[in-house]
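Visitor: Residue numbers (my numbering), protein chains in the order written: chain D, 1 to 144; chain H, 1 to 144.
Worth flagging that the hints you see were computed from the coordinates, not collected in a lab. The structure presented is a predicted model; accordingly, all values stated were derived computationally and were not measured. Treat each hint with caution, since some may be false.
Remember, identical chains collapse to one label, so a pair may be satisfied in a single copy or spanning two.
Claimed, not checked - Below, computed lysine-lysine pairings styled on DSS-like, alpha-carbon distance capped at 27 Å:
#, residue 1, residue 2
1, Lys89, Lys20
2, Lys2, Lys20
3, Lys32, Lys6
4, Lys20, Lys6
5, Lys16, Lys32
6, Lys2, Lys103
7, Lys85, Lys32
8, Lys117, Lys103
Number of protein chains: 2
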Amino acid sequence: MKLTFKVQAQSENPTKTVVKARNFEVIVDEPKNLGGTDEGANPVEYVLAALAGCLNVMSHVIAKEMNMPLTGVTIDLEGDLDPAKFMGKSTEARAGYQEIRVKITPDTTADSETLAKWLHAVETRCPVSDNLQNATPVSITLGE
Amino acid sequence: MKLTFKVQAQSENPTKTVVKARNFEVIVDEPKNLGGTDEGANPVEYVLAALAGCLNVMSHVIAKEMNMPLTGVTIDLEGDLDPAKFMGKSTEARAGYQEIRVKITPDTTADSETLAKWLHAVETRCPVSDNLQNATPVSITLGE
């Protein structure tokens with residue numbers, strides 16, 4: 001089985017992008033200190049938001065499979081990057097996040113052994129976590 | 001130089017996540033056919049939105065550096081994934097996108113040689129493209 005997800009994007013200005021995903025509109029921009037018009041979260045913040053949303057879904061899917069009580073999760077995410085490369089400066093540093101740190105706090109009565117098993121499954125079965133942790137082919141071509 | 005980006009997320013239900021990124025709120029959910037309450041784009045659609053926003057910024061940054069005229073871009077993105085793994089079925093398939101395809105259509109008078117050079121720089125200097133195309137360490141720990 002294969003699912004295909006599609007979005008369409010249009011630049012509204014050099015930093016603001018309006019993205020349509022089905023019936024939803026997502027506004028991506030940059031903060032003023034990165035030269036943007038600050039009308040939405042920025043691309044790398046959306047990466048963290050995508051990971052958060054995915055981890056929430058997986059947290060509940062796997063808790064249900066394990067019959068583990070779970071009434072909610074709080075997730076804190078952060079990532080570090082060196083802006084040198086996208087700003088065009090000479091650098092050996094990679095363009096994107098060098099590391100992403102995530103702390104998931106589950107609202108549960110489960111014991112620590114159960115939680116360790118749960119967390120491992122959440123991490124390895126989350127599509128967004130997989131796409132970040134492992135190389136994903138991205139082909140970028142020019143339209144007419 | 002190192003920039004740290006942070007977001008906080010809270011599950012509102014097993015599929016709906018409310019993410020705070022600075023002063024912005026991002027709603028992530030799943031469509032009804034994936035068991036969700038459909039109040040926002042889903043995690044893997046946000047991955048494409050993040051990539052779109054990043055490519056727009058880089059398109060303009062690099063056009064400016066190259067003195068290439070650019071009045072806007074349209075970007076179409078799609079990705080395929082097999083839902084078997086996150087649904088808990090036995091599978092060899094990876095959890096996330098197997099491939100992401102992007103088509104960037106620039107509004108420009110630049111010639112094809114200039115455009116090829118521009119596209120290469122856009123792709124290699126985009127932080128989100130880097131985080132997808134190359135492995136990114138993600139550490140996931142349990143909060144208290």
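Visitor: Hint by hint, work out which the structure violates, then give me just those numbers in ascending order.
Guide: Of the numbered hints, just 1 does not hold.
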